[in-house]
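Working from the sequences, and respecting the hints, build out all of it.
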Amino acid sequence: MKQPLVADDPMLHGVIPYPAEFAERYLADGFWGRRTLDRVLRETAMRRGAHPAVIDEERVISYAELISRIDVSQATLSARGINAGDRVIIHVPNVLEFFDAVYAVISLGAIPVFAVHSHRASELEHLARSSEAEMLITSSRIPGVDPQEFCAELANRLPLLSVVYAEDLYEQGLDLLAAGREVSRAGCPRPAHAAAFLQLSGGTTGRPKLIPKTHRDYAYSFERSAQICNLDDGTVYLSGIPLAHNFAASSPGYMGVFATGGTVVCALDGSAERIFSLIAEHRVTVVAAVPPLALAWLNSSQKHRYDLSSWQLLQVGGAKLSRGVAERITPELGCALQQVFGMAEGLVCYTRLDDDPETVVSTQGKPMCVADEVLVLDSAGTPVPDGTPGNLWVRGPYTFRGYYNNPQANAECFTPDGFYGSGDIVVRDARGYLTVVGRTKDVINRGGEKISPEQIEAVLLRNPAVHDVSVVGVPDEALGERTHAYVVPRDRTTPTRAKILRAWMRTEHLAEHHIPDVITIVGELPKTHIGKISRNTLRPGATSPQGEA
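Numbering (full-length UniProt numbering), first residue to last: 1 to 549.
If you are wondering where the hints come from, they were derived from the structure by calculation, not from laboratory data.
Do not rely on the hints blindly, as some may be mistaken.
Stated by the list, open to error - Cross-link-like lysine to aspartate or glutamate pairs, in silico, EDC-like; alpha carbons within 20 Å at most:
| id | residue 1 | residue 2 |
| --- | --- | --- |
| 1 | LYS499 | GLU512 |
| 2 | LYS366 | ASP386 |
| 3 | LYS532 | ASP233 |
| 4 | LYS450 | ASP491 |
Here is the structure:
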């Protein structure tokens with residue numbers, strides 16, 4: 001019997017369905033299965049019950065124990081009135097209780113709304129209102145947050161929103177069981193085409209949009225990713241970024257690890273000492289990071305203090321990795337590099353584990369699915385030849401068909417035939433590998449010359465005195481925009497001068513209009529909630545050359 005695909009299907013909960021012809025093809029070709037996300041985990045637990053599923057900084061929990069915790073946590077949520085289809089915001093750091101919360105909500109047939117733990121009351125208010133959430137699950141272990149003050153502010157902004165601590169889900173559930181309440185051990189039955197969760201867009205402008213995903217399209221994404229990354233039941237996976245982020249969830253992420261029976265190690269932050277100590281202690285094999293984290297690990301003296309011999313693979317994604325940094329990873333960290341380019345909206349590209357070194361350091365990989373349709377178009381919508389930069393448009397079995405309750409964004413981001421415009425500028429080679437040139441919104445128009453910030457940043461990162469850099473465009477009456485580079489020196493005790501950096505850039509044979517108009521030396525760069533550099537934060541303060549050094 002065919003599964004319903006109409007927009008008013010009550011199981012969709014805001015998911016814009018794939019047209020019937022595409023859905024039937026993806027089912028027939030085997031891209032979509034019939035398992036829900038919690039069913040994937042439960043089936044692994046049946047065969048790997050005693051194996052460690054999650055290790056956080058205090059506990060080691062087996063698959064059987066994790067399933068028990070999820071079932072008990074369901075009782076708490078059910079007693080608090082959460083039903084199938086309800087939205088529940090997950091605002092929990094990288095600790096065991098993150099998994100209790102996520103899978104208890106999913107098992108009830110409710111819909112997680114993922115928030116990163118760095119979000120505060122303002123962002124959470126936006127999420128709660130836009131998703132029509134019934135509950136927020138937060139944590140008493142969020143660094144730098146006073147739990148009482150935080151909850152008081154939430155209550156002031158959202159008096160009708162129920163708030164519960166993730167740490168209480170399991171403990172309160174045990175009390176309910178002791179009082180005679182029954183617990184479901186199977187979860188709420190629903191089809192794989194049902195809505196699974198709402199994910200945040202990774203965009204850096206304005207309020208994040210909500211991306212609805214179904215069980216079947218997301219399961220395909222992490223299961224295919226696990227195949228490409230050669231995960232197996234011996235994998236020990238560590239994420240240096242929040243588990244609430246799409247990269248850490250499905251590329252292959254913790255869901256890919258759970259599908260193959262490996263172990264997930266939780267890091268409360270991505271500092272070099274914490275990451276290296278966890279690798280050494282738990283014999284971690286795979287680590288995921290964004291470029292600023294990878295660079296910080298490379299530049300840390302801590303890497304020589306720990307036994308990192310178990311480390312097989314470093315995945316770097318979330319933003320463009322410069323070639324200069326990519327070339328350092330294997331010689332300095334002793335593990336292989338895999339570049340990951342993807343988006344919560346859908347398309348994921350990987351360099352393959354058997355790719356030649358040049359491909360690994362110079363591209364962001366190729367799409368993971370043969371059914372991924374990729375267009376590289378000019379501004380008029382005409383396909384460009386291979387080797388020519390163009391705008392990326394994608395369609396496929398795990399690329400969504402529309403943002404949640406946001407018709408304006410959907411009209412701007414989708415073609416009538418369902419291709420999604422990611423806003424990335426890429427170059428595709430004859431093999432289908434993509435190299436990210438930049439973002440459409442980040443390109444600087446300096447006196448008619450179109451300048452990619454990433455090109456300037458890549459040159460500056462080759463300078464041994466530079467730890468990190470970000471380049472933004474600043475309004476200018478004469479030029480339209482001028483370039484402003486913010487540079488973090490590697491050695492804070494030795495002065496780094498803008499004049500010296502400009503002279504050095506000229507020796508690198510960079511075009512004169514690519515030499516930054518303004519260079520400011522700073523102690524650190526602002527980051528987004530997942531550790532990527534926030535250009536938007538830099539732009540308002542980059543209105544004059546003051547601060548150049």
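Checking against the hints above, which ones are violated?
Numbers 3 and 4 - these are the hints that the structure violates, sorted from lowest upward.
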